[in-house]
Each structure stands twice: as structure tokens, then as C-alpha cells.
Amino acid sequence: MKRGRLELIYDLLRIIQKHNNSIKPTPLLRFSNLSSQRFELYFGELVEKGFIHEKEEKGRKVISLTDKGFRYLERYKNIIGFIDEFDL
Amino acid sequence: MSHIMENQMNQIQPGQPMPQPGQPMFQGQQINHMPPQQFQPQGQPMMQQGFQQPMQNGQQFQPNGQEFQQMPQGQFPGQQMQQGSHPFDPVGLLGDPNFGVELIYTLVVIASCFFIYRSTKEMYELTGHRGIKYFRNAFLFFGIAYFVRFFIRLFVIALDLPRTLRVHPSVFGQLNLFLFVFASTMAILYLLCSTIWKKFPEKGEFILYIVAFIVAAINMFEVNQLVTIAIQLILLISTLVVSYFKIFGTEKEKKGNAIQLYVIYLLLFVFWTLNMLDILVPDFLRVVQLLIYAVSTLVFLVILYKVIKRVGTT
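From first to last, the protein sequence lines are chains V and F. So the first sequence is residues 150 to 237, counted in the working numbering. So the second sequence is residues 25 to 338, counted in the working numbering.
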């Protein structure tokens, strides 16, 4: 079944969190099970909305969650519950 | 109380003769204290016999040839200050038995709408979900509609704005009604959009504003208030139909939620319609007014409970 936008964002953030909040873009793409085209799209959205940020670590680019990203993970179940409750 | 305020602002139309002493001006009120020809609508200066010059604001004609006398603000010409009356309560709102009930009802509904809007803020900021946006906007506009319905009229009357600003009372009545119909139509449109947001164009929100403006304008110029009720009914029925058909499209485990939501929207539909009738058609449901208030409050509180249950109090 095709994942919804909110679920995809959750999955991407969850992967980053599981890797001690530091993961390189290529493994993230691999773990996400997305096409590179869709990955680019969602990755761009996550950066734009301030859920993740890219930083240099030992000369390599890595991705970490921001406070907003952690908050999204915390609130995800509530959000989905709310959307189901009001059939939005 | 709503009828008293509604009637006060709407009953006197420009061009209509002013009520005569002894005739009811507002519901439950008699102008016993007003001598003939002394009360004139705002904006039409009272002509002094013999002098043929308009009287100045706050002055009163003295038939025995005495000088003009200064009148306290908030008092009609010829009206004597009654014992116990207050200049900021010129029509005795505070003495109306339904005033307290309507005040509590309005405050509870406005507070519920505000909490629904406020508690879904973070959720919308995190997701940018259009369904959530339309849902919270619906309650924002419900809150505004209730605010306009009660407090704007209260301010206009209690602060005696028609006299202070020298504007005919019906102007405030029309403006108030326009704002109320606009806000309530927006609320219903947003509620409808929250159920069909996937099929609604992302940049089409301005259409809602245009539709609500047209409905409010029709209400302003159309004498028959039932037209507004009919338009809002059509919108509410559309919301109901959409949420009804969604029950069948929902997965089995989520069906309970869909049915509950349908029941809530059904109650909202019934009691909003009764509220509209109560406001737009004075005396239509006077007898069961308290019951309508009680059940309407309950509907909003149930929605608030469902929101808080999911979102938390943050």
C-alpha cells in the first residue's frame, strides 16, 4: 500500500533518529525504500520545513534531526489519531 | 436578549416613522417616558419650531422658550434618568432575564472554538495538512460568528454608538448582520472543505471568501432572511452528505470514528439551523431557546473533547 505524505516524513525522520541522529544521505535513501526522485522531493521538504539539517562531520555531510523534527516524531501518533477522528 | 438587541438595531429602518409613545420600540419595552415628536433618528437633526434650525448634539428643545439644555451622553432626548438605570445600559440589557444565560452560552461556545483553534495550531504547523487547516479555520469563524452575534451588538448598544457616532441604529444592525452571516458562512464552507480537501484546489481558498461575501451581501439586501438560512442549509447538508458517504469508504476499524463524526455534524447542522432561525427570525423559537442554547453548547463541547483527547491540552 502506498504510504501517505505524513507517514513518509515520519519514516524518514525515524530512520535518522534510529541512527543516533546522524546519517549520511546515501544510507538514508537506501533505508527509506523510495525512488531517488521521490526521495529528493521529500528530503527537500524536510529541509525546507526545518525538520532536519545537514552538517559536516569529519569532512562528510551528515543529516540530523532538529528540535522540530523530534517534535514531529513525538506528536505523530496524535496527529494521525486526530486526522482519523475527524476524517480529514 | 438577542431579540431585544436585534430588534433595536433592525426594527427602525431609514425612512420609516419613529415609534410613537406607548408603542413597543423593542421587545418588552415601551417608550412611556418619551413625549411626542421628541425622539428623532440619528443623522436627522431635530428642527426647532419657530427657529427652523437643526439642534446641536446633546441639546434638547425646551418648549417654553428656555435655552437649549445639555443632555447626558447615552440618553435619548426627552428621556429622564430613571432611578437605578445606568448610562452604559440604556436599554436595560443587564436586567433582561435571558442576558446571563446568553452571555454564558456565548462565552462557552467562543472559548470552545478558541481552544479547538489554538490546540490544533502545533499540529498544523508540523504537518501543513490542509484538512487540519480548514477544520481549525471553521472553528475560528464559528467563534467569530458567535462573537459578532453577541458582543458587537452588546458594545453597540451598551456604549450607545448610534448616538455617539450619530449613525442610524439600523446601520449598525445591518453591519452586524453582514459580519455574522459572513463569518458563519465561512465557518460552514471551511467545514465542508475539511471533508473534501483532497478535491478542493489548494489555491482556491479565496473562492470561499467570495461566496461568503455574496451570501452576506444577499442577506443584507434581501428582506427575506430565510434565503440566508436556505443557502447555509445547502452547505451544511453537503457537508453531511460527504461525511455520510465517507463512512462507507472508511476501513472497518475506523468506521466507528466516521459514524461518530457524522452524528456530530448532524447535530451541528440541526442546532446551527435552529440558531440561525433564532437570530434571523425573531420570536421563532423563543420557547425552546434555552434548550437550543444548551444542546448547541453540548455539541461544541463534544467536539472540543474529541480534539483535546487526540491533541492533548498543549
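Calculated from the structure, these hints are not laboratory results. Among these hints, one or two may not hold up.
To be verified - 30 Å max Cα-Cα, derived DSSO-like pairs, lysine-lysine: (1) LYS207(V) - LYS279(F); (2) LYS222(F) - LYS279(F); (3) LYS145(F) - LYS207(V); (4) LYS222(F) - LYS157(F); (5) LYS333(F) - LYS223(F); (6) LYS167(V) - LYS279(F); (7) LYS167(V) - LYS198(V); (8) LYS226(V) - LYS145(F); (9) LYS217(V) - LYS227(F); (10) LYS157(F) - LYS223(F); (11) LYS222(F) - LYS217(V); (12) LYS198(V) - LYS217(V); (13) LYS227(F) - LYS167(V); (14) LYS217(V) - LYS173(V); (15) LYS270(F) - LYS167(V); (16) LYS217(V) - LYS333(F).
Said to hold, decoys possible - Using C-beta positions, here's what the derived DEER-type ranges look like: (17) LYS227(F) - ARG179(V): 53 to 63 Å; (18) LEU190(V) - LYS223(F): 30 to 40 Å; (19) TYR233(F) - ASP160(V): 34 to 44 Å; (20) LEU315(F) - LEU190(V): 18 to 28 Å; (21) LYS279(F) - LYS226(V): 17 to 27 Å.
Just so you know, even glycine gets a beta-carbon here, dropped at the ideal spot from N, CA and C.
Now for the hints, and whether the structure bears them out:
no., hint, in the structure
1, LYS207(V) - LYS279(F), "violated (52 Å)"
2, LYS222(F) - LYS279(F), "holds (19 Å)"
3, LYS145(F) - LYS207(V), "violated (39 Å)"
4, LYS222(F) - LYS157(F), "holds (12 Å)"
5, LYS333(F) - LYS223(F), "holds (28 Å)"
6, LYS167(V) - LYS279(F), "violated (34 Å)"
7, LYS167(V) - LYS198(V), "holds (21 Å)"
8, LYS226(V) - LYS145(F), "holds (16 Å)"
9, LYS217(V) - LYS227(F), "holds (26 Å)"
10, LYS157(F) - LYS223(F), "holds (15 Å)"
11, LYS222(F) - LYS217(V), "holds (26 Å)"
12, LYS198(V) - LYS217(V), "holds (9 Å)"
13, LYS227(F) - LYS167(V), "violated (37 Å)"
14, LYS217(V) - LYS173(V), "holds (20 Å)"
15, LYS270(F) - LYS167(V), "violated (37 Å)"
16, LYS217(V) - LYS333(F), "holds (22 Å)"
17, LYS227(F) - ARG179(V): 53 to 63 Å, "violated (36 Å)"
18, LEU190(V) - LYS223(F): 30 to 40 Å, "violated (22 Å)"
19, TYR233(F) - ASP160(V): 34 to 44 Å, "holds (37 Å)"
20, LEU315(F) - LEU190(V): 18 to 28 Å, "violated (53 Å)"
21, LYS279(F) - LYS226(V): 17 to 27 Å, "holds (20 Å)"
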